Amino acid sequence: MAFKIIASQCTQCGACEFECPSGAIKFKGESYVIEPHKCTECEGVFDAHQCASVCPVPKTCVPA
Amino acid sequence: MSAPAISLESPSTTFGDQLLATVKAGGCASSSCGSSIKPDDTDPAIWEKIKDHPCFSEEAHHYFARMHVAVAPGCNIQCNYCNRKYDCANESRPGVVSEKLTPDQALRKVVAVANEVPQLSVLGIAGPGDACYDWKKTKATFERVAREIPDIKFCISTNGLALPDHVDELADMNVDHVTITINMVDPEVGAKIYPWIFYDHRRYVGIEAARILHERQMLGLEMLTARGILTKINSVMIPGVNDEHLIEVNRWVNERGAFLHNLMPLISDPAHGTHYGLSGQRGPNAMEMKALQDRVEGGAQLMRHCRQCRADAVGLLGEDRGQEFIADRIPGEVTYDASKRKAYRELVAEERRDHVAARREAIGMIKAAGPSKSVLFAVATKGGGRVNEHFGHAKEFQVYQASPRGISFVGHRKVEQYCLGGWGGEAALDGVIAALEGIDFVLCAKIGNCPQDQLADAGIRATDAYAHDYIETAISAIYAAACGTPALAATA
Chain W
0 MAFKIIASQC TQCGACEFEC PSGAIKFKGE SYVIEPHKCT ECEGVFDAHQ CASVCPVPKT
60 CVPA
Chain Z
0 MSAPAISLES PSTTFGDQLL ATVKAGGCAS SSCGSSIKPD DTDPAIWEKI KDHPCFSEEA
60 HHYFARMHVA VAPGCNIQCN YCNRKYDCAN ESRPGVVSEK LTPDQALRKV VAVANEVPQL
120 SVLGIAGPGD ACYDWKKTKA TFERVAREIP DIKFCISTNG LALPDHVDEL ADMNVDHVTI
180 TINMVDPEVG AKIYPWIFYD HRRYVGIEAA RILHERQMLG LEMLTARGIL TKINSVMIPG
240 VNDEHLIEVN RWVNERGAFL HNLMPLISDP AHGTHYGLSG QRGPNAMEMK ALQDRVEGGA
300 QLMRHCRQCR ADAVGLLGED RGQEFIADRI PGEVTYDASK RKAYRELVAE ERRDHVAARR
360 EAIGMIKAAG PSKSVLFAVA TKGGGRVNEH FGHAKEFQVY QASPRGISFV GHRKVEQYCL
420 GGWGGEAALD GVIAALEGID FVLCAKIGNC PQDQLADAGI RATDAYAHDY IETAISAIYA
480 AACGTPALAA TA
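One line per chain: the protein sequences are W and Z, in this order. Heads up: the first sequence runs through residues 0 to 63, numbered per numbering that gives the first Met the number 0. Heads up: the second sequence runs through residues 0 to 491, numbered per numbering that gives the first Met the number 0.
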């Protein structure tokens, strides 16, 4: 029950990081990474998955 | 006519000496010393805000430089002319950038540029991404830079969706200039330009997305106007999508107090990987652009000197020194030295008084010439408002129109440099001639007989007789000669 970022497609705009309600997304080394144990898939907070909704590249923030 | 007082060559280590020498040589010989440089038809309070801003004042863009820092890469909308993956050092267009910066890296870069580029007057945040949406980084950057360089002007560019949330903070931070990209005022048109927006924690598509964006843009514009913040509206002209509609956009933004309206051509190329590029949507040509600009004349004032620069551009409009200031060329510690910018400003103040007097004289001469003739001039210049670039070195020509109404700047034409490494390329010259379609005269600091003859064959008269004169002085002399006597009278 978590999302992941396909690093090779990521533009590193960082929008997912500040939209994430759980603080689960961090820039680590060369890319943004979702920490699976922190990701709640926005359940109970927002109707839509925030990272996937704001991500400018299709199929880049996806269910793990 | 005084000698050019300002060197716009790359500053060298002896820059201070050069400034001192030019100031001493120039003295205060100008007959116009003490007169105002403010154009007669501009409100004094507004002039104070725009006089050093190259994007908001055509007159200022001859003297002052801007730099953009790409600190806010997050965006809340998708536009069909934008590819968010694009990153290339050889491309020059909005949204393209070679390196994204943190606010601290941006501060070091701004200080390094301020120390080397005395023309620097404006720091802008203009993509990739949206300065208002990625707000924390925008704000942190402005706060850090304001502490180091208090007199630099701040400027942002935004799609407007998140703008109403930050107008009060913009006002608090003395951001005097905001550019909003507004491509439509009808959601039906907007739905063809914006595939989606991210707003209030969800994604909207289609007409609903465009309607929300439109409402937020208008609200943001009205809020800025109410606070006296000057606004420039950028509109991308997309043939067959919003070209006619932009006349309506001009009316709407004019009614809401927009200071400038900048109609820009769509840049579309399959290699850019944008939706429009890949789907074959074409951009408008120079004459289509000018025709649209002429049709909205009389509404919101038009910006005609935009060069659609990169999101990390550095320098005068039309030049980009960004590659000199990439992060690994900037030392870890830089200390701001205010002396060069201060010296440059003092020089410019004097030079501009001289220039304004020369321009008034030139326009008076043209109006007195009488006949109702409209003549287009293409000028090779490297700044300072003078005819001071060699024909073969020009990467662009600034286009001026002279008519009984006076002299107006109407735009620029980009060209491939004709002369590379000392020899002229025939193919390049053909390209230059094609780019100069519709032009009557070319003014430059130097031109060889061969290109001059070929231009003449294409009906374009080129001259270097007015080398280093003010642009308006040269234009008025040729205009008067062209209207009065058949031969081109060289006076310089």
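Hints listed in this document are in silico derivations from the structure and should not be mistaken for laboratory results. These numbers were taken from a predicted model, which means no experiment stands behind them. Where a beta carbon is used, it is the ideal one built from N, C-alpha and C, also for glycine. Hints are supplied without guarantee of correctness; some may be wrong.
To be verified - Cut-off 27 Å, straight-line C-alpha distance, at most; resulting in silico cross-link-like pairs (DSS-like, lysine-lysine):
1. Z:Lys445 x Z:Lys152
2. W:Lys25 x Z:Lys413
3. Z:Lys138 x W:Lys27
4. W:Lys3 x Z:Lys339
5. Z:Lys48 x Z:Lys135
6. Z:Lys48 x Z:Lys341
7. W:Lys27 x Z:Lys152
8. Z:Lys84 x Z:Lys48
9. Z:Lys341 x W:Lys3
What the hints assert, rightly or not - Interface residues of chain Z toward chain W, partial, derived using beta-carbon atoms under 7 Å:
10. Pro72
11. Lys84
12. Gly128
13. Lys191
14. Pro194
15. Phe197
16. Arg201
17. Gln280
18. Arg281
Taking the hints in turn, this is what the structure says about them:
1. Taking the CA atoms of Lys445 of chain Z and Lys152 of chain Z, the gap is about 36 Å. The hint is violated against a cut of 27 Å.
2. Of the supplied pair hints, the one linking Lys25 of chain W and Lys413 of chain Z is violated, its CA atoms being roughly 43 Å apart against a limit of 27 Å.
3. A C-alpha spacing of about 24 Å is found between Lys138 of chain Z and Lys27 of chain W, which places the hinted pair at or below 27 Å, so the restraint holds.
4. At most 27 Å may separate the alpha-carbon atoms for a hinted pair to count; Lys3 of chain W and Lys339 of chain Z exceed this at roughly 50 Å.
5. For the proposed pair Lys48 of chain Z and Lys135 of chain Z, the alpha carbon gap of about 25 Å is at most 27 Å, so the pair holds.
6. Annotation: proposed proximity of Lys48 of chain Z to Lys341 of chain Z holds, straight-line Cα distance about 18 Å (limit 27 Å).
7. Pair hint Lys27 of chain W plus Lys152 of chain Z does not hold up; C-alpha atoms about 34 Å apart against a cutoff of 27 Å.
8. Between Lys84 of chain Z and Lys48 of chain Z, the direct Cα distance comes to roughly 35 Å. Violation of the 27 Å bound is thereby established for this hinted pair.
9. About 51 Å separates the Cα atoms of Lys341 of chain Z and Lys3 of chain W, which puts this hinted pair outside 27 Å; it is violated.
10. Here the hint on Pro72 of chain Z is kept, as its CB sits about 4 Å from the closest CB of chain W, short of 7 Å.
11. The interface hint given for Lys84 of chain Z is met, as the beta carbon of that residue sits about 5 Å from the closest beta carbon of chain W, less than 7 Å.
12. Hint status for Gly128 of chain Z: holds, given a least beta-carbon distance of 6 Å to chain W, under 7 Å.
13. Given hint, Lys191 of chain Z at the interface with chain W, is violated; its Cβ is 19 Å from that chain's nearest Cβ, farther than 7 Å.
14. Hint status for Pro194 of chain Z relative to chain W: violated, with the closest Cβ pair at about 10 Å, above 7 Å.
15. For the restraint placing Phe197 of chain Z at the interface with chain W, the shortest Cβ-Cβ distance is roughly 5 Å, inside the 7 Å limit, so the hint holds.
16. Taking 7 Å as the C-beta contact cut-off toward chain W, the hint placing Arg201 of chain Z at the interface holds, the least distance being around 5 Å.
17. At a threshold of 7 Å, the smallest CB-CB gap from Gln280 of chain Z to chain W is about 19 Å, leaving the interface hint violated.
18. The restraint placing Arg281 of chain Z at the interface with chain W is violated, with a minimum CB-CB distance near 24 Å, outside the 7 Å limit.
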